[in-house]
Amino acid sequence: MTPPDDLELRRLWQRGDAGLTPLPLAEVKRRAATFGDVVARRNRREYVAVAVVIVIFGVYAVLFPGLLLKLGSLLIMAGAAFVGWQLARRTSRPDPEAEIADIRSFYRARLVTEEHMLARVGRWYLAPLVPGLAAFLAGLVPAAHLGPLGFALLVLAHAVVFLGIWLLNRRAAARLRAQIARLDATQSYEGEI
Amino acid sequence: MGMRHEFPEQAVDEDEQDRRFAEAITRFGPALARMARGYEADPDLRRDLEQDVQVALWQSFARFDGRCSLSSWVWRVAHNRATSHMIAHRRRNAPGWTSLDEIALADDAPSPHDTAASEQAMDLILSIIDRLDPPDRQILLLYLEGVSGADTAAITGVSADVVAARIHRFKSMLARRFAREGEFA
Chain A
574 MTPPDDLELR RLWQRGDAGL TPLPLAEVKR RAATFGDVVA RRNRREYVAV
624 AVVIVIFGVY AVLFPGLLLK LGSLLIMAGA AFVGWQLARR TSRPDPEAEI
674 ADIRSFYRAR LVTEEHMLAR VGRWYLAPLV PGLAAFLAGL VPAAHLGPLG
724 FALLVLAHAV VFLGIWLLNR RAAARLRAQI ARLDATQSYE GEI
Chain R
24 MGMRHEFPEQ AVDEDEQDRR FAEAITRFGP ALARMARGYE ADPDLRRDLE
74 QDVQVALWQS FARFDGRCSL SSWVWRVAHN RATSHMIAHR RRNAPGWTSL
124 DEIALADDAP SPHDTAASEQ AMDLILSIID RLDPPDRQIL LLYLEGVSGA
174 DTAAITGVSA DVVAARIHRF KSMLARRFAR EGEFA
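Residue numbers (our numbering), protein chains in the order written: chain A, 574 to 766; chain R, 24 to 208.
Some clues are possibly wrong.
To be verified - Partial list, derived from the structure: chain R residues whose beta carbon lies under 10 Å from chain A:
id, residue
1, 56
2, 57
3, 59
4, 78
5, 80
6, 87
7, 106
8, 168
9, 169
10, 177
It should be emphasised that the hints constitute simulated quantities derived from the structure, not laboratory data.
Where is the CB? At the ideal position from N, CA and C, for every residue including glycine.
Could you put the whole structure together from the sequences, leaning on the hints where they help?
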């Protein structure tokens with residue numbers, strides 16, 4: 574059996590190529606001018622979720638009785654808006670200037686950006702919602718006539734959900750750190766995580 | 024990460040930018056299509072990637088100042104945009120990503136038996152490429168396009184020794200697989 578040599582491999586790879594379908598230049602320029610929209614579309618699901626939370630708790634703030642429920646609803650709305658802003662700020666996006674860098678630097682920078690976003694999810698995603706949620710749950714005690722056990726179970730359920738989100742993101746961040754370490758181990762590298 | 028500040032905001036006027044872009048598409052269009060094949064198996068997503076790469080290239084030529092060859096410039100921008108595509112679709116693709124060092128452990132993965140020899144060989148190549156993480160994938164795709172080791176090192180940012188080692192490993196792996204499956208046409 575004959576192992577493939579360089580020429581054979583390249584001939585094979587380049588055989589039967591259908592070619593690139595060129596975009597008209599005007600279309601290229603139109604897309605270049607609206608590239609930020611692509612990122613916005615990618616995050617659309619998250620933005621819709623933020624909007625839904627704000628609308629629902631806006632209705633609660635108006636309809637529900639009691640200071641704690643109203644205050645909690647307003648704080649949750651503010652927290653959701655903060656999360657949406659952080660999501661837009663932290664999402665890595667195509668950067669024409671960064672794309673000129675060598676491939677390894679670019680890839681590492683993308684991994685570091687993603688790792689920072691996931692590792693700090695407690696700060697920018699979970700913590701902003703905690704004050705409002707705490708006030709809202711406390712407001713539910715008199716409104717829903719909850720006993721101490723019911724209140725404890727309610728708090729525990731929310732705490733478990735938050736803890737689960739935090740742990741899943743920490744695990745994903747750890748996987749990214751392992752990838753970054755593997756990149757750095759391949760060749761000594763300039764820069765810090 | 025310091026490279027991004029080394030480049031001027033707008034090194035050329037728009038006519039020159041358009042001309043460079045047209046030259047790049049003429050010279051590298053087929054190779055860019057093959058690169059996209061190495062990144063995305065889904066035909067619709069691959070077409071999206073090809074179009075994104077064209078947009079990225081046109082944008083990049085606003086800053087092209089000739090400090091590296093057109094070839095190196097095109098490959099850097101195209102692979103970087105393709106890497107962004109990989110990351111954006113990571114939830115669908117990532118479970119299989121690994122490095123060349125680890126992929127050898129899965130050398131017993133099934134290979135197609137019922138296709139023509141050359142198609143079988145191409146399937147083998149793609150089956151390896153599809154499972155690689157971006158750094159190794161880029162080195163192999165550049166090698167398959169005939170880019171020299173020194174140029175690949177400059178494009179990817181790793182040393183020529185690392186490039187040579189990765190290519191050697193890839194070829195050894197292919198040789199073992201071909202030995203088991205038979206020669207290709």
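Sort out which numbered hints this structure fails and list those numbers smallest first. Violated hints: none at all, because every hint is consistent with the structure.
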